[in-house]
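Q: Spelled out, the chains give:
2 protein chains.
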Amino acid sequence: MTETESNVYDVVVIGAGPVGENVADRTRAAGLTTAIVESELVGGECSYWACMPSKALLRPVIAQADARRTPGLSGAVQGPLDAPAVLAHRDYYTSNWKDDGQVQWVESIGVDLYRGQGRLTGPRTVEVTGPDGERRVLTARQAVAVCTGSRAALPPLPGLADVRPWTSREATSAQKVPGRLIVVGGGVVAVEMATAWQALGSRVTVLVRGGGLLERMEPFAGELVAEALTEAGADVRTGTSVASVGREDGTVVAVTDGGERIEADEILFATGRAPRTDDIGLESVGLEPGSWLETDDSLRVTGHDWLYAVGDVNHRALLTHQGKYQARIAGAAIAARAGGTDLDAGEWGAHAATADHGAVPQVVFTDPEAASAGLTLAEAEQAGHRVRAVDVDLSTVAGAGLYADGYKGRARMVVDLEDEIVRGVTFVGPGVGEMIHAATIAVAGRVPLSRLWHAVPSYPTISEVWLRLLEAYRDA
Amino acid sequence: MTETESNVYDVVVIGAGPVGENVADRTRAAGLTTAIVESELVGGECSYWACMPSKALLRPVIAQADARRTPGLSGAVQGPLDAPAVLAHRDYYTSNWKDDGQVQWVESIGVDLYRGQGRLTGPRTVEVTGPDGERRVLTARQAVAVCTGSRAALPPLPGLADVRPWTSREATSAQKVPGRLIVVGGGVVAVEMATAWQALGSRVTVLVRGGGLLERMEPFAGELVAEALTEAGADVRTGTSVASVGREDGTVVAVTDGGERIEADEILFATGRAPRTDDIGLESVGLEPGSWLETDDSLRVTGHDWLYAVGDVNHRALLTHQGKYQARIAGAAIAARAGGTDLDAGEWGAHAATADHGAVPQVVFTDPEAASAGLTLAEAEQAGHRVRAVDVDLSTVAGAGLYADGYKGRARMVVDLEDEIVRGVTFVGPGVGEMIHAATIAVAGRVPLSRLWHAVPSYPTISEVWLRLLEAYRDA
Chain A
0 MTETESNVYD
10 VVVIGAGPVG
20 ENVADRTRAA
30 GLTTAIVESE
40 LVGGECSYWA
50 CMPSKALLRP
60 VIAQADARRT
70 PGLSGAVQGP
80 LDAPAVLAHR
90 DYYTSNWKDD
100 GQVQWVESIG
110 VDLYRGQGRL
120 TGPRTVEVTG
130 PDGERRVLTA
140 RQAVAVCTGS
150 RAALPPLPGL
160 ADVRPWTSRE
170 ATSAQKVPGR
180 LIVVGGGVVA
190 VEMATAWQAL
200 GSRVTVLVRG
210 GGLLERMEPF
220 AGELVAEALT
230 EAGADVRTGT
240 SVASVGREDG
250 TVVAVTDGGE
260 RIEADEILFA
270 TGRAPRTDDI
280 GLESVGLEPG
290 SWLETDDSLR
300 VTGHDWLYAV
310 GDVNHRALLT
320 HQGKYQARIA
330 GAAIAARAGG
340 TDLDAGEWGA
350 HAATADHGAV
360 PQVVFTDPEA
370 ASAGLTLAEA
380 EQAGHRVRAV
390 DVDLSTVAGA
400 GLYADGYKGR
410 ARMVVDLEDE
420 IVRGVTFVGP
430 GVGEMIHAAT
440 IAVAGRVPLS
450 RLWHAVPSYP
460 TISEVWLRLL
470 EAYRDA
Chain B
0 MTETESNVYD
10 VVVIGAGPVG
20 ENVADRTRAA
30 GLTTAIVESE
40 LVGGECSYWA
50 CMPSKALLRP
60 VIAQADARRT
70 PGLSGAVQGP
80 LDAPAVLAHR
90 DYYTSNWKDD
100 GQVQWVESIG
110 VDLYRGQGRL
120 TGPRTVEVTG
130 PDGERRVLTA
140 RQAVAVCTGS
150 RAALPPLPGL
160 ADVRPWTSRE
170 ATSAQKVPGR
180 LIVVGGGVVA
190 VEMATAWQAL
200 GSRVTVLVRG
210 GGLLERMEPF
220 AGELVAEALT
230 EAGADVRTGT
240 SVASVGREDG
250 TVVAVTDGGE
260 RIEADEILFA
270 TGRAPRTDDI
280 GLESVGLEPG
290 SWLETDDSLR
300 VTGHDWLYAV
310 GDVNHRALLT
320 HQGKYQARIA
330 GAAIAARAGG
340 TDLDAGEWGA
350 HAATADHGAV
360 PQVVFTDPEA
370 ASAGLTLAEA
380 EQAGHRVRAV
390 DVDLSTVAGA
400 GLYADGYKGR
410 ARMVVDLEDE
420 IVRGVTFVGP
430 GVGEMIHAAT
440 IAVAGRVPLS
450 RLWHAVPSYP
460 TISEVWLRLL
470 EAYRDA
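Chains as they are written, first to last, in numbering that gives the first Met the number 0: chain A, 0 to 475; chain B, 0 to 475.
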């Protein structure tokens, strides 16, 4: 292919993370010719600097904590984790940051991969600038899908770049355990990485501007996670901002807004995400570079019938699984429109990402795990639903006590009083990560409480909390 | 109270296991005066010789197996379990076979407890023979509920009693780890107890008459559990019956139908259950002593408008959680009939144990865990449903690989082709126990596949197998 060659496809996907891969998979399965453009590693943030490495770091922490809470076993696992073994396993799970396997998969489904920076140059046209500076123009007969994701957003602190701060990328790929680590932020990345590195041997200090951790979940989630982090030896300081930061002889020095000086070997900023849309040629089609892209429920960008924005870039739900869900729907919608068939775009239709509104699940892989599906009480009220929340102390559930000695955890169910369906569920405690899909099905399936009484939890699992929640609602 | 005193209640419950307790709880909550009769420990089989002690024995086994499969931790947990610590914890969970706590609870809800053997002496009349031989007659204005459960059924082998074989009771309450243990049977009790005692230090031999273990589940469940038991060091022999058994100088000697002689220190017969209805006066009301009691979906015994049979005794589903479910429904039905209100007894109504037919869940706490909800493929076909089963190798799910190194497991979804709802789901593998409630909600909720596509599994949990199952069905 030469600089001037024009390559025409039905669909061009910009960004080959899990979201872009899933769009391409679906359009290809529908018989549409598809190109995918990737400027870094095929497989994206999730495979190399997010879900996979973070969970590879966290699983041993959780398994060790579970073992420590188990009679007859706890004595054997009092020592520290074998950090080199954990890091090596994490390297294995990121394929040592090589994407050969993913490239093979893209080829296997008959999608053409273009390496380089993809930029829109006008409607239906993407120019790819390869690593060698070579340019190729791709034309999309049907659709362009922007799946470029998000990056860590750093606060505008003077001199921050000179500190070489960690973002989620360095926190998930570091090859050495820092002796002391400052974590700035209180969201998912912050608490997961604080949990991982504290267990791997760092002395972690968490600095949170707000009043607590995990503030987008029910309040008790952040409370229980903060309590456990503190018990694990981390120093969690809420209501604390970083006023300035620098490196002195290699040591990070952060000064808080209260004037306190905190030293560390590394500092992680987990202070939010920004869309990776600043350099993809949005200006050529009248959109604002660096902005989140607004879409309808078929993931089509408002006002552009050929342009889709899928995954983090649309800011609907910054979660890999939700992006993949959108990708399946966007791919199907592109195929349906290409084939001239009517869209099934009503609520919960095959071409509507309805779950993005009120049925999004999330699992935070800390110890304890925090998992939610649907809306929190505050979100449900804000959305105008007439709801009632019921809480259950998970330690009162037989299966929880059997799972872990001294079990601590909490569950909340938010019930819509109009039709008695579940708007949201939150579980926090050891072993709850795999419990949340039940809630996701209940919320997305709009299963009424009267029927949930017939969904019998197996005894003695922790899932018996469902019965306790139903009883709490009935007896409230 | 004296021999001649007649005590009149609205409801008399015979059997104070979890099932009887739940019936009493519901009738009491409805304002009906209630008596409960118990010949052994209040709390029943589940609390002292089944669910609680078995799970207290098994949880350390599973946690250790999980830890061994975790990089960075496996080195610390190669040694054997601390058996005395596990047994002591089990003792704690059975309250050392004392029922004070449960008695307090019964009193706290305002139910009168009668200790002794309860026997029907005619319609609505129960005679209780106390431990001291004292007799009391209870009259039930509204209903008598038989909740006496089941006991281990021993095969008619000559001399078996002299061997003092273990049943589920001894297997869950033993204070010493036998050096060698023979387990006869291949069902849930057999595989769970084989798993527990092998891990606690016994050399276990499992003798199964049939072709495999866990034959009421999907075939791969028994296969994977047998494989793991064998890897753990147990000797699993299928197609093998016990022809004779005896004790020689304290040593158990079992001779198989093939003439092989197997020696052991103890032998557990886990060869089925029999109803505890042989000595409850059934003959006084025209029913057959020792029989399972047939009921309608409100749990009322066929032909007796005042008599209910709830839990194992009705043979609908011999599981604690299902018995408790029936108990809630029976209690509500008794209360509704007592109050003269119409029953909500249609399918999935408040007074119909509809879930007993096709929406029963079960978790087998072995390593790997085996969990199912609803019907197996064979059961669905036998029930006349037009179904298709799709399977997924759980090791292909990212969350499974992250959960355990070398993950082995399998999932099956049985889909009804008429209306594309899920008839049954089976998961076998580490960490699947809490995953099954999602399937229970899908099956009981009759959530169609088209909606399950919108129930997004959180990434990277093992629950992402739901997506793989939907894809397998779509692409089949």
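These aren't lab readings, by the way, just hints derived from the structure by calculation. Each hint should be verified, as a subset may be incorrect.
Stated by the list, open to error - In silico SDA-like links for lysine to any residue, alpha-carbon gap of 25 Å or less: (1) A:175 - B:210; (2) A:407 - B:407; (3) B:407 - A:81; (4) A:407 - A:387; (5) B:407 - A:175.
Q: Each hint should be assessed against the structure and marked as holding or not.
A: Here is what the structure says about each hint:
no. : hint          : result
1   : A:175 - B:210 : 52 Å, violated
2   : A:407 - B:407 : 30 Å, violated
3   : B:407 - A:81  : 24 Å, holds
4   : A:407 - A:387 : 23 Å, holds
5   : B:407 - A:175 : 31 Å, violated
Violated hints, in rising order: 1, 2, 5; the structure is consistent with all others.
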